[in-house]
Amino acid sequence: MKRETPEISAGSMADIAFLLLIFFLVTTTMDVDSGIVRKLPPPLDKNIDPPQINKRNIYTVLINSADMILITVKGQDPRPGNIKTLRADVKEFLRPHYPDDPRFPEVEKIELDVKGRTIPYYKTKGVVSMQNDRGTSYKIYIHVQNELAGAVRELRDELSKEYYNMTFKELLDKNEVGAKQIQKAVPMAISEAEPADFGGKK
Amino acid sequence: MSKFRKDEKKGLPAISTASLPDIIFMLLFFFMVSTVMREVELKVSVKAPKASEVQKLEDKSLVSAIYIGKPTKALAKKWGDEDRIQLNDAFAEVDEIRSYVEEKVTKIPEYKRKKHIVSMKVDAEARMGIVTDVKQELRKANALKINYSTLKGFDASKGE
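Protein chains in written order, with my numbering: chain A, 29 to 230; chain F, 19 to 178.
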C-alpha cells in the first residue's frame, strides 16, 4: 500500500466556470430601456392663440376606437389609411415640392450651411396631425407614431446622404452642426391634437 | 501501448488552482455590475408594443417610469381588470402623477434636471384614454420629455 491517493485534478474547474458563464450570458437579459422619444407641447396658454396653419399643409391621421385609420388632406377625399402604406404616404406628403404644387404643402425658402457653403433649400411647411379616440388601443397608436417617426427619419437620411454622404444617425455622432442643418431642413413635424371623444366609448 | 503505460507511471503534474478564485470573482463582479435590479415590483402586467424607430435611454438616474396596464392575475380579484396606473410600488390615480414627477425631479442634481425624462411603460392592449390623461398631467407638471417604452422588431409591411 505504498500508492498515494492522487490529487484530484482541478483542470476541469475552468470548464465548469465557462459553463456557468455561458449559462448566465444566455439567460441574463440586459434590461436596456428603449423606445420612441417624443416631446409634449407645453401647457396651453389661454392668452396666446395657437398659430394658424394653412389647411393645405395639414395631413390628418385619425384613429377611431376600432383602431381604424382615416386620412384627410385638404383637396382630397378622406380615405382609410393602412399601416403598411402610411410611411410612404407621409413621406410623399412631407417631401418638398418645388415649384409650388397645390396638391402638396407650401414650401418656404431657407438657407442651409453645408460644409461652409450656403445652399438654398425649399423646406416644406407640411405638418402631420394625429388625433385618436379614448378607446383607441395603445398598440396602434405606437405603430402609427412609429411610422410617422420613420417617415421623417427616412427623409432626413435622404438629405443627409445627399449632402454628407452618411445616414442621419451617423451624422449625429460625427457632425453635430451638420445634423442641426438637416433637422432645420426636415423638422419633426408631428403634432397631436388635444384629446377628443369621437366614435363612442369602449 | 507501451507509451501509455509509461505515462501512467509518471502521473499527471498537478495544475495550479491558485487562479481559480480570481476567475470566480471576476464572474461574480461582472454579473454584479451588469445585472439590473428591478427596483419596483410590477403590479400591472405590461407587454410593450413593438416599434422600430427607437432610441436608447442612456442614463437610468434621469428616468422616472410610469406603468399602465391591467392588474396582474393575482391582483385582478381585488382591483378589477380595468387599466390602472402604477407609480413606484403602488397603484395610483391620475392626479397623483404631478407630485410623483416633482418628487422624482428633486432627486436629480440640479444641473441635470432639464434632461429628466418620463418613460411610459404601457401595455399594448391599454386604451388611449388613460394614456392621454397621463400625458395631460405630465404637461401640467412640465415634464415634457417622454419616452414610449417599446420592444424592438416592428415591421409595418407585415403589420406586426
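Quick caveat, the hints were computed from the structure, so don't treat them as lab data. The structure displayed is predicted, hence computed values, not measured ones. Mixed in with the good hints there might be a few duds.
To be verified - To be clear about the criterion: a stretch of chain A counts as covered by chain F if any three or more of its residues have a C-beta under 8 Å from a C-beta of chain F, and this derived list gives those stretches:
1. 103-109
2. 154-166
3. 184-191
To be verified - Which stretches of chain F does chain A cover? Using the computed rule of at least three CB atoms under 8 Å from a CB of chain A, they are:
4. 32-45
5. 110-119
6. 140-147
7. 165-172
Beta carbons: idealized from backbone N, C-alpha and C, even for Gly.
Exercise. At a Cβ distance under 8 Å, does chain A reach at least three residues of the stretch 165-172 of chain F?
Worked result: holds (count 6)
Exercise. For the stretch 110-119 of chain F, does the count of residues with a C-beta closer than 8 Å to a C-beta of chain A reach 3?
Worked result: Three-residue rule not met by the stretch 110-119 of chain F, so violated; n is 0.
Problem set entry | Three-residue Cβ test at 8 Å for the coverage of the stretch 103-109 of chain A by chain F | violated (count 0)
Problem set entry | Three-residue Cβ test at 8 Å for the coverage of the stretch 154-166 of chain A by chain F | holds (count 7)
Exercise. How does the coverage statement for the stretch 184-191 of chain A fare against chain F, requiring three or more residues with Cβ below 8 Å from a Cβ of that chain?
Worked result: n = 0 at 8 Å, threshold three: violated.
For this session: Count the residues of the stretch 32-45 of chain F whose CB lies closer than 8 Å to any CB of chain A, then report whether that count reaches three.
Result: holds (count 7)
Exercise. Checking C-beta pairs, does the stretch 140-147 of chain F have three or more residues closer than 8 Å to chain A?
Worked result: Holds: 8 residues of the stretch 140-147 of chain F have a Cβ under 8 Å from chain A.
This entry does not satisfy hints 1, 3 and 5, going by the numbered hints stated previously.
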